[in-house]
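These protein sequence lines are chains A and B, in that order. Going by the numbering used here, the letters in the first sequence line up with residues 1 to 112, in that order. Going by the numbering used here, the letters in the second sequence line up with residues 1 to 112, in that order.
Don't take every hint at face value.
To be verified - Within a straight-line C-alpha distance of at most 30 Å, the following computed DSS-like cross-link-like pairs (lysine-lysine) qualify: (1) B/Lys44 - B/Lys15; (2) B/Lys78 - B/Lys11; (3) A/Lys57 - B/Lys44; (4) A/Lys59 - A/Lys70; (5) A/Lys99 - A/Lys57; (6) B/Lys78 - A/Lys104; (7) A/Lys70 - B/Lys15; (8) A/Lys36 - A/Lys70; (9) B/Lys62 - A/Lys99; (10) A/Lys51 - A/Lys36; (11) B/Lys62 - A/Lys104; (12) A/Lys70 - B/Lys11; (13) A/Lys56 - B/Lys44; (14) A/Lys70 - A/Lys56; (15) B/Lys78 - A/Lys57; (16) A/Lys104 - B/Lys71; (17) A/Lys51 - A/Lys70; (18) A/Lys51 - B/Lys44; (19) B/Lys44 - A/Lys104; (20) A/Lys57 - B/Lys11.
For the record, the hints were derived by calculation from the structure and aren't laboratory data. As the structure is a computational prediction, the values presented were derived from the model and not from experiment.
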Amino acid sequence: GQQVMQIPQYQHVQEGEDFTTYCNSSTTLSNIQWYKQRPGGHPVFLIQLVKSGEVKKQKRLTFQFGEAKKNSSLHITATQTTDVGTYFCAGISGGSNYKLTFGKGTLLTVNP
Amino acid sequence: EAGVAQSPRYKIIEKRQSVAFWCNPISGHATLYWYQQILGQGPKLLIQFQNNGVVDDSQLPKDRFSAERLKGVDSTLKIQPAKLEDSAVYLCASSSLFGEQYFGPGTRLTVT
Numbered sequence: 001g002q003q004v005m006q007i008p009q010y011q012h013v014q015e016g017e018d019f020t021t022y023c024n025s026s027t028t029l030s031n032i033q034w035y036k037q038r039p040g041g042h043p044v045f046l047i048q049l050v051k052s053g054e055v056k057k058q059k060r061l062t063f064q065f066g067e068a069k070k071n072s073s074l075h076i077t078a079t080q081t082t083d084v085g086t087y088f089c090a091g092i093s094g095g096s097n098y099k100l101t102f103g104k105g106t107l108l109t110v111n112p
Numbered sequence: 001e002a003g004v005a006q007s008p009r010y011k012i013i014e015k016r017q018s019v020a021f022w023c024n025p026i027s028g029h030a031t032l033y034w035y036q037q038i039l040g041q042g043p044k045l046l047i048q049f050q051n052n053g054v055v056d057d058s059q060l061p062k063d064r065f066s067a068e069r070l071k072g073v074d075s076t077l078k079i080q081p082a083k084l085e086d087s088a089v090y091l092c093a094s095s096s097l098f099g100e101q102y103f104g105p106g107t108r109l110t111v112t
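Produce the complete structure using the sequences and hints provided.
Quick look at the structure:
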């Protein structure tokens, strides 16, 4: 079945440093979504990428979808303590009835 | 707009007991999902409903787990009998036909 892998599993940064998490799928994706889960909270949708090579920005967050639609990345510029949480990518394969397969996530901690 | 409602928020049971979780999705969302999230991992899809029909239940342990979505609105997920390895957070999510998933606060289940 489809597998989605994320690295790194953990990342600790000083406030103001940049952060990147990478996502790789075993199969070609029709689209990919990113979610953020704060400690003790539930996943909250951040963005959806659909097109090959797509790049989207949300303030300090930059999301990319690979040309082959099998990988994606999330980059945060100048992290803040409010960025703390686990970032999940979730992929949808074509014809899968919009079934999301989540990666294991990257836990980001930020030292003030 | 009201979010996805779940109850109870916490449940502690002994192994071999039964338990049920309830979910009320966002009004108008045709698709409803139940996920199991074990600590340190991403959400794993258990079952996906489109209105009141099952779209995907390939990862649902059908010997002990069951779910229904009567009238295409709320849903219940039942475990009978529970095992120690069922300790997890059970998340309900809903979405419109194509798009982001909105998650409820989850039910934290502890099986002792």
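In rising order, the numbers of the hints this structure does not comply with: Of the numbered hints, 7, 12, 15, 16, 20 do not hold.
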